[in-house]
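2 protein chains.
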Amino acid sequence: MSERAIGVFDSGVGGLTVLKEIRRLLPGEEIIYLGDTARVPYGTKSPATVTRYALEAAGFLDGIGVKALVVACNTASSFAVETLTQRYAIPVIGVIEPGARRAAALTRSRRVGVIGTEGTIKSGAYSRAIQALDPHISVYPAACPLFVPLAEEGWAEHPVARLTAEEYLEPLRQAQIDALVLGCTHYPLLKKTLAAVLGAGVELVDSAEETALQVAGILRTADLLRRSPAGPPRYFVTDVPTRFERVGGAFLGAPLEGGRQVEID
Amino acid sequence: MSERAIGVFDSGVGGLTVLKEIRRLLPGEEIIYLGDTARVPYGTKSPATVTRYALEAAGFLDGIGVKALVVACNTASSFAVETLTQRYAIPVIGVIEPGARRAAALTRSRRVGVIGTEGTIKSGAYSRAIQALDPHISVYPAACPLFVPLAEEGWAEHPVARLTAEEYLEPLRQAQIDALVLGCTHYPLLKKTLAAVLGAGVELVDSAEETALQVAGILRTADLLRRSPAGPPRYFVTDVPTRFERVGGAFLGAPLEGGRQVEID
Numbered sequence: 001m002s003e004r005a006i007g008v009f010d011s012g013v014g015g016l017t018v019l020k021e022i023r024r025l026l027p028g029e030e031i032i033y034l035g036d037t038a039r040v041p042y043g044t045k046s047p048a049t050v051t052r053y054a055l056e057a058a059g060f061l062d063g064i065g066v067k068a069l070v071v072a073c074n075t076a077s078s079f080a081v082e083t084l085t086q087r088y089a090i091p092v093i094g095v096i097e098p099g100a101r102r103a104a105a106l107t108r109s110r111r112v113g114v115i116g117t118e119g120t121i122k123s124g125a126y127s128r129a130i131q132a133l134d135p136h137i138s139v140y141p142a143a144c145p146l147f148v149p150l151a152e153e154g155w156a157e158h159p160v161a162r163l164t165a166e167e168y169l170e171p172l173r174q175a176q177i178d179a180l181v182l183g184c185t186h187y188p189l190l191k192k193t194l195a196a197v198l199g200a201g202v203e204l205v206d207s208a209e210e211t212a213l214q215v216a217g218i219l220r221t222a223d224l225l226r227r228s229p230a231g232p233p234r235y236f237v238t239d240v241p242t243r244f245e246r247v248g249g250a251f252l253g254a255p256l257e258g259g260r261q262v263e264i265d
Numbered sequence: 001m002s003e004r005a006i007g008v009f010d011s012g013v014g015g016l017t018v019l020k021e022i023r024r025l026l027p028g029e030e031i032i033y034l035g036d037t038a039r040v041p042y043g044t045k046s047p048a049t050v051t052r053y054a055l056e057a058a059g060f061l062d063g064i065g066v067k068a069l070v071v072a073c074n075t076a077s078s079f080a081v082e083t084l085t086q087r088y089a090i091p092v093i094g095v096i097e098p099g100a101r102r103a104a105a106l107t108r109s110r111r112v113g114v115i116g117t118e119g120t121i122k123s124g125a126y127s128r129a130i131q132a133l134d135p136h137i138s139v140y141p142a143a144c145p146l147f148v149p150l151a152e153e154g155w156a157e158h159p160v161a162r163l164t165a166e167e168y169l170e171p172l173r174q175a176q177i178d179a180l181v182l183g184c185t186h187y188p189l190l191k192k193t194l195a196a197v198l199g200a201g202v203e204l205v206d207s208a209e210e211t212a213l214q215v216a217g218i219l220r221t222a223d224l225l226r227r228s229p230a231g232p233p234r235y236f237v238t239d240v241p242t243r244f245e246r247v248g249g250a251f252l253g254a255p256l257e258g259g260r261q262v263e264i265d
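Residue numbers (our numbering), protein chains in the order written: chain A, 1 to 265; chain B, 1 to 265.
Take the hints with a grain of salt, since some may be wrong.
Since the list can't tell identical chains apart, any single copy or any two copies may satisfy a pair.
[Stated by the list, open to error] DSBU-like, lysine-lysine: derived pairs with alpha carbons at most 35 angstroms apart:
1. K192 / K122
2. K191 / K20
3. K67 / K20
4. K122 / K20
5. K122 / K191
6. K192 / K20
7. K191 / K67
8. K122 / K67
Worth flagging that the hints you see were computed from the coordinates, not collected in a lab.
Just chain A, with the same shape it has in the complex (with noise of 0.2 angstroms):
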């Protein structure tokens, strides 16, 4: 079992900002990358509909034979995560409980902010994780929607960022939270525009480096950590692999190739 890869699946290219952390952390395991790039994005779709692509994501990688399932997508998390636990024996590591402990760890005002896609904060899932584990948390959240556009587009520093930001986190700054958390894959990317508009005194909580801690400490607690070394992570992806190549380099800082169309639904 050990031996095996460990999933990862996204919507699209996003979740590679949590692949490079556990390649990071773990440079001895295999990897499996999905990306559902026919269907991307989750943001601005129903809980119902992300379930199910989900559902078909995790069955396709436990087709394959995995050792762990990383949601790397927080709609997907915020959504499925539950019902993707209850379906799978392996485990199941979703990035809104890693980046709710860090938060909760980090903040002194216990004044957090919480910025994501507009179903991730709808869905109320960062609130609830951080409110578990501490009650005198107050969260403010904001939805986002076009840091994912700007990412994708390469603005990430870009002054249309940096004014987007500026009217995105206007509340927040108001709120005088001292942390944040990035509760989307792609917002790890805007980390330089956010920090110049939020000041010094903001921290920053990368959800993909919390995730990555997670899955080692999963791992080697359940000793499944490999002991032949590895190759270089495998990408699947539902529509044809050339803009995720293009885009995805960004988000690994290295060039992507090697990824192969399949179906999943």
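Please arrange chain B on chain A, whose structure you already have, making use of the hints.
Frame of chain A, contents of chain B only:
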């Protein structure tokens, strides 16, 4: 046959700008609209995937029984109108041809700009259609991926939209175009911003208006105009209708309700 509805489909809400123009020109007609909101957008997806989705959408409308099929999505029109025309005996009307004809008629400098999604621009469909009408026209295409999310966010006249338009349109300004095809059904919402950036010397060609004119012309010629009065449009969507109804109102210019979720894949 003439008492049947006109079928209109789009990846989501954008095609409502076309529906609105058809209703204005042909208020007595019944319209059935299908928005593929579970898989929106089409603009970043491959020709093969968009063609598959378009065939499923057309199959659904044909199953209900419509007298004409309007492909109210520039990306789907770019990739799939030929395939649909071969498959169905009823008239299939895309948005490319009408927009191209209008631009070719309007330009005096023979320098025409075309803006659209990544898919529409890459397809070269507008350039081919315009140059088939007049090979002496130079076409300047520009992909504008952020315009769709800006329109859906309700920021069509926001300073962020202005700054984005200035950047996207700069090459077209330098090319001294005198007509600009709005090659995406979301773009009519951005007319004010686009006009402010381009100035009075550039005519904006709204594919929605031109397409409605072509639909009216085809139905009239084929003696397919309805004789008895029709009810209001019927709306079908592939995800739950909540967001479609909320965002769609801005595209329709009137409140939208009564969307019904269906499966088409």
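The hints, checked one at a time:
Both within a single protomer and between protomers do K192 and K122 lie at most 35 angstroms apart by alpha-carbon distance, with minima of 26 angstroms and 31 angstroms respectively. Proximity of K191 to K20 under the C-alpha cut-off of 35 angstroms is restricted to the intra-copy arrangement: shortest distance 16 angstroms within a copy versus 41 angstroms between copies. In this assembly of identical chains, K67 and K20 lie within 35 angstroms of each other by CA distance solely inside one copy; the values are 18 angstroms within and 52 angstroms between copies. With identical chains, the CA atoms of K122 and K20 are at most 35 angstroms apart both within one copy (28 angstroms) and between copies (30 angstroms).
Both within a single protomer and between protomers do K122 and K191 lie at most 35 angstroms apart by alpha-carbon distance, with minima of 23 angstroms and 31 angstroms respectively. For the identical chains of this complex, K192 and K20 are intra-copy neighbours only, at 18 angstroms inside a copy versus 42 angstroms across copies, given an alpha-carbon limit of 35 angstroms. For a Cα distance limit of 35 angstroms, the shortest separation of K191 from K67 inside one copy, 32 angstroms, qualifies, whereas the shortest one across copies, 52 angstroms, does not. Taking identical chains as interchangeable, the C-alpha atoms of K122 and K67 lie at most 35 angstroms apart only when both belong to the same chain, with a minimum of 31 angstroms there against 40 angstroms between chains.
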